[in-house]
Amino acid sequence: MINIFYLIKPYWKYGKLYLFGKIAVTIICAPLLALIEVTLTQAVIDAITTGKTLKETLLIAAIYQSVWLGVTLIRWVFLILYDRWKAVDIQNKINRGIYEQAILTDYKYFDDPQFYNDYTFTVSEYAAKSTAALDLLLQVCGIVSVVIAMTTYLALLGPWVILFAVLGSAVYMFAQSIIGKLGIARTKESVPHDRKLSYIHRVSYLKQYAADLKTSLLNKTILKEFDKSGGEKVGVFKKYAVPNTWANILFFAAYFLFDLVILLYLIVSAFTKELSVGAITGLFTAAKRLHGQLTQFVELFGKALELSLYAEKVREFFNLKSKIETQVTGAEPSNGSFALELKNVSFTYPKSDFSLRNINISVASNEKIAIIGENGAGKTTLSKLLLRLYDVDSGDILYNGKSIREYDIHKLRLKIGVAFQEPQIYGLTVRKNMEVYNTAEDSALREVLEKVGLNIELDDEVTREFDENGVMLSGGQSQKLALARLLYGEFGLLLLDEPSSALDPLAEYKMTKLIFEQSKTTTIMVAHRLSTIRDADCIYLIDSGGIAEKGTHSELMNMHG
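Numbering follows the numbering used here, with no gaps: position 427 of the sequence shown is 427.
Since the hints were made in silico from the structure, they are not lab data. As the structure is a computational prediction, the values presented were derived from the model and not from experiment. Check before you lean on any hint, since a few could be wrong.
Cβ pair distances, simulated, as ranges [what the hints assert, rightly or not]:
1. Thr326 to Ser394: 35 to 45 Å
2. Trp12 to Lys510: 57 to 67 Å
3. Phe354 to Ile184: 31 to 41 Å
4. Ile2 to Trp76: 31 to 41 Å
5. Tyr107 to Asn366: 20 to 30 Å
Glycine included, each C-beta is placed from N, C-alpha and C at the ideal position.
Let the sequences and hints guide you as you build the complete structure.
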């Protein structure tokens, strides 16, 4: 129940009135409708058998139907005027909370495939399972209120029926508990296979994998992996098929036998007790209704177990402990160019042989430096440490003489303009793609687009995600657009991680020269080609996790290193 209430918590947080309204409508309307169903038949039959006129009988039926209509209208009015749109509003807020949680989750978790699985699971299931948990609660409220109404009615006319129904429900619950436990065990054993099947599903349709699948033997390998994981999942279901069958046989046998016992009891009552035909009919209808409600309640037990399992997965996502992204206090970065210093910085990825060791770099305000090295040397990792996407294992990073840990990291990052080798371009207008750090006048944005050589309009949609006429950019054009974001506005530091690698060497040299000339702030550029960063004030070569050489372009060339 703790997990069920955890799933319902968003409805309490975002719609207390809505939640109370749903519960109130349920516990009022459900028993009233059940009582009307039971007593209507009794009243009509008694009216006929006791000699009431047609007009009187029709009047009795009309009164009952009017009450039924009124109660039903209350439910429908609530549903049409409030329920549907408010439910969508709450589901939107649930999803927004998931996205906020992902944004505030430390970057290190994104290296863990389990985090991705938990995130995608939460995105796809949380809102739906919250709604399912609320429906479960409402069903329980409705069932309890109807059971109370039917028990009260039966206690006056046939109390033994209550005993039969309760005994039957006990057997149902026992059988259902077995079914539920088997289902949970089967689901847990299926998780590793489902993860592999989900991965194959992504590989088979995402564009980034399509070329490899179509031009190599990878497609055969992927299909073999699918067959293997699919077969193992089938094996899990086979394993639980026999015990699940026996549990279901017990469930349905109990349902049939206790239904038969109640029917026989009512038949005997009709001959041995001084009850009217209407009363016997009402008793039978009420017994069936009580029987059905108790059976439904037992079935909800299985749904509750399933929802509890889903809740555990959602809680794993929301219970991740983040240290960096949740730090909301700290110093604000000053305006103007940053002075930067890395003092004996060391860092190692978990379960990896890679490490940076005792990195010492000093960058004066307005200085332009470059960092070079082979693939895997740690250049991009260094960029991520400068953004505090990771915390260093030892040493410190200082901005203007103050530790990076002392800053409000979110405000500090907004002062650091970043362009990576593979920039992310979004399904938004050109203007919104450029204004990721700050807004600007259209004239300033157009001037920047002209400088980087992009002939596109500010209101053009980028990608065809939402607009079939959207602009499709090449890799080089995407890099130009990402760099255009940095050529206006005020930054304390520009951090450029191979931002023009998709351009040809001459275009890359011109783009780098433009950046160095336009940049009026401290700049760090990560690069492969020495020719593109020959104008840097200082170049650092990273090799084997440390600084191997440093100096100007000419100094390094003269070292013959």
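Here's how the hints hold up against the structure:
no.	hint	in the structure
1	Thr326 to Ser394: 35 to 45 Å	violated, 23 Å
2	Trp12 to Lys510: 57 to 67 Å	holds, 59 Å
3	Phe354 to Ile184: 31 to 41 Å	holds, 40 Å
4	Ile2 to Trp76: 31 to 41 Å	holds, 34 Å
5	Tyr107 to Asn366: 20 to 30 Å	holds, 29 Å
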